[in-house]
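> From first to last, the protein sequence lines stand for chains A and B. The working numbering applies: residue -8 is where the first sequence begins, and numbers increase by one. The working numbering applies: residue 39 is where the second sequence begins, and numbers increase by one.
No lab work stands behind these hints: they were computed from the structure. Worth double-checking, as some hints may not be accurate.
What the hints assert, rightly or not - Straight-line C-alpha distance at most 16 Å; calculated EDC-like pairs for lysine to aspartate or glutamate:
#1 B:K294 <-> B:E331
#2 B:K184 <-> B:E239
#3 B:K60 <-> A:E166
#4 A:K131 <-> A:E220
#5 B:K148 <-> A:E80
#6 B:K61 <-> B:E75
#7 B:K297 <-> B:E276
#8 A:K4 <-> B:D154
#9 B:K294 <-> B:E336
#10 B:K148 <-> A:D81
#11 A:K246 <-> B:D134
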Amino acid sequence: MSSRRLMWIQTVKVALSNLLAYRVNFFLLVIGPALVFFFVKYSLWSSIYEQQGNRELAGMNRETMLGYQAMVLIVSLLAQGHNSTRLAEDIRLGRITAYLMYPFSLFEFHASSFIALQAVQLLTSAVVFMLALSLGLFAKVNLAFIGQGLILCCFVSILWFLIQYCIGLMAFWLEQTWVMRVLFQIVAQFLSGSILPLEFFPDGLRNILMYSPFPYLTWVPARAMLTGEESLLYGTGILMFWIVCAALLARLIWKKGLTMYTGAGM
Amino acid sequence: MMQSELAIFCENLSKNFRIYQKKPGLWGSIQTLWKREFIEKAAVKPLNLEIRSGEIIGLLGPNGAGKTTLMKMFTGIVIPTAGQLRVLGFEPAKRDLQFRKKIALVMGQKSQLWWDIPAMDSLQLLMRYYEIPEKLFQERVGYLAKLLEVESQLQVHVRKLSLGERMKLELMACLLHDPQIVFLDEPTIGLDLIAQRKIREFLLNYHREKNITLILTSHYMADVTALCQRIVLVMNGEKHFDGSIRAFEGLMGQEKYVKFFFSEPQNENHPLLSPLHPQFGNHGLEVELRVPEDKLKEVCAHILKELPVTDFQTEKMPVERVMQELMSRTGA
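For reference, chain B alone in the conformation it holds in the complex (with noise of 0.2 Å):
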């Protein structure tokens, strides 16, 4: 694929980050004072990810994984190490006026908002650094504020509205000018679920609408299988995956997770169980069990037929499992 055509193309691109370590207690601080020792931490290690326009892709790993450095580096916020970086055949780190034009980021964690004044203050203030026309800014909150119903909470002061209401104005903000590529920095943290729920609803219909690049990282693995087509997986700062869901979804072996509740407790070493990698629960009320994909339908009544089973369940997160099982391997 022709470098052109890719939203965003690295190579070999890493990021170093000098770090000061201080020994413990009063006497380490008085050391510090005349002496510090500092280490070189590689955040992100030589890597290389080319990502087509239109596309959804959730970075995912563990706290400290590099994700977040990556998304930094994206934007422009931090300065690579080594390596080279297009995106949309800028190199963030000049920080083209052009470039950030055509680029949004919204933080689950940092505000882009005014606090002290209603969230349309701060619209109208963004209408200005985009040179937003006066008419298509009014056309594009309208649009958005309907979207996200919003539409009350635009004249509120920022410290007042919900966590919710706030994230979904963050949103409005970000998507005002039109940006080509969204990234997305754990977008829905602290919110309720009917809220995560409408934020995933409302960011599903806009690319739909609009097929701008959505660079997403979120814990929440739901999120992840409802918004993402492709996943890449980066821990301690190297990519371990590159694929689709499904491809992820697949790491783990042809598998599928079963739970089964029964009425009365039921014995470990039952003959149906224990081939299954049976995980008891509730003083053997409930097991967990490990099932082949081929083999389900067939188990499944096996064991409805001869177990006083009163409900089952089969897994609902397998991205979470694939990540948690990685996470456990890695020791991450």
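Isolated chain A, as found in the complex (with noise of 0.2 Å):
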């Protein structure tokens, strides 16, 4: 095995050793987001559908609307579990030095930690995918349908981490960077479908919205998983570009913000 794989490795083991030191802050991890979804989606949308006298909303009845919100949840667990508060803490502080000494980069090391948290995210989406199954909210469960939708993920949690990672590398500039990935998690979520699904959007902003990243965080990747209506390799395509896209523009940030990097603390 190449030396630098079983760098990969070793940082990925560390950082789930990481992820594992604290028992209930780990235990959270896996079963908070199925509590979330139960106290907060489940409920949310039964009683809407309930005050709407059980009517079908944008052609979805209750019994769609619950299984797409279980599969947004599903989506959001596999693909964008991650977020770049340590790395805008770890710059502002001067945390980042000893990873500019080591002969192994930033990225590689916030790549490898990316990877040990989506093994967990992986575990719990798990959880929530039985859990949701058992109590009926998915009307039918096609495998294919499932492993076009995971494919998807793959490629969703990539441009996610490299989207996070340029937010986080803004931390050269800005003293914080919370507000920017809040906004930004935010306007994510109202445009990918994640709050409300795109078919409750007129259809001239969905076109228009077909041609930004947005859809293709969730919604295309639920609706794969729901309904295998997506085309996966135009999806895969229009995911590869804007990873690309992301990538140039995590390279460039990286390259201009070093010049400012001043160490702080040491």
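Taking the hints as your guide, dock the two standalone chains into a single complex.
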């Protein structure tokens, strides 16, 4: 095995150990999202449909809506778990210094930590999936559709990681990056169909949105897993395009940002 | 000396930082929303320095003098504004992979060990990063752990270690890959006296054995006097002194400071004491004198004979006194 690969594997192992270091924290990380789903989204949509006399909304009945929302949660766990809080804090407090000196780059380190987190998120999403399945939230389960959605989720998670990495790197210039991160998350949640399915959006807006990366973050993979109506090839192609854009942007920000780095606190 | 024979070579090396200034108070905060004033601060002014392989150098200076910025430039953490810099023949700012494998940095105020896992896990991670063969890694861990007396701490979570134990493990983590230059930024800060002494002893023994280059910054003059062969004094971003410890001690002239303790108060105008710039304390029961080195024996014998001396001591830290004197002269 190449030494580079061994470096990655060891970093993933250490990052995993770090995630498992606190038992209660780990337990909440695994079951927390399911609890939030049932306390918030399940109750909210059940109540909305009840108020509407169980009529269809934007072509979706109560069961399809709850199935969609459960799938949105699974997609967000599989692809949108990573955030840049740690990176921004490390830059601001000068903690990236060690990684500027190791023969293993900061990007590689964060990417390895992201892989470790994804492993935990995979477990969490499996828990949520089994729970939703046992409650009959998915009308039909097609393994081919699920496989197709999982492939899309892999690409989405890479894009999400790179976007978060770019936001984190902004800490070279900004003392606080959380506003930017929260704004992005709110916009992304809304425009990706995470809060409301894109079926609720006017056709014109939805058509415009399809040129942006947002629908591919949630709506496309969720629909792919539920209905298999999305083209895998087209979806991965679009995601690949945005991944290349985000990677180039991250490289540019890193190069510029490094000239601003002062190694504070040393 | 050829550039290639040097561990560090810098010529006209400088670093400017752009600092934003904010007026105090709420109105100042509101003003900064549309207008910000920046000033350029020269952290290091054009500086020349040559360090040979195997030397132990003390980079001294008050806070904000520029010594840590110098260290950051040597390690490639910050990019110089101007000048030439070569460390082991590499340009640090390019952060070449081979360069990174040859240097190490110990930061007294920052940990490179993972906080929530045992130190051994961090060491194994470093084994992979520096591509150390498994067998060699085990040997080095065994050797360093024994030398630093931390064998039993390797499996303990880092957050549960004392500061002294953590610093020893930090040192261990830095030396695992057998670096040619080790940069030590206040390695004994916050440690008790015994831990400080042990760290110093370890560094001296390790240097003796491996002949690596050590670059040290410390505010503890005991570190400097125990470890450094050469001192580079930096003040306001400029090099004020570069030479041996003996030469540094001699900066204030060839005088020794001697303190006498008496059983009864002494007159400030006593003819034996007054020519020696006496500094009285404790209501005349103590006095510190500046005695020319060549007259030290004679003057001390005379005072011991003539006055009711209960105790006396010569200064322990001439370097510290020179530092204090230089800093007060320059207003640092």
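> A separate judgement is required for each hint: does it hold in the structure or not?
Against the structure, the hints come out as follows:
1. B:K294 <-> B:E331: holds (6 Å)
2. B:K184 <-> B:E239: The hint holds at about 14 Å.
3. B:K60 <-> A:E166: holds (15 Å)
4. A:K131 <-> A:E220: holds (14 Å)
5. B:K148 <-> A:E80: Holds, at about 14 Å.
6. B:K61 <-> B:E75: Holds, because 9 Å separates the two Cα atoms, which is no more than 16 Å.
7. B:K297 <-> B:E276: violated (34 Å)
8. A:K4 <-> B:D154: The hint holds at about 13 Å.
9. B:K294 <-> B:E336: Distance ~13 Å between B:K294 and B:E336 Cα, so the pair holds.
10. B:K148 <-> A:D81: Satisfied, since the Cα-Cα distance of roughly 12 Å is no more than 16 Å.
11. A:K246 <-> B:D134: holds (15 Å)
In this structure, the one hint that does not hold is number 7.
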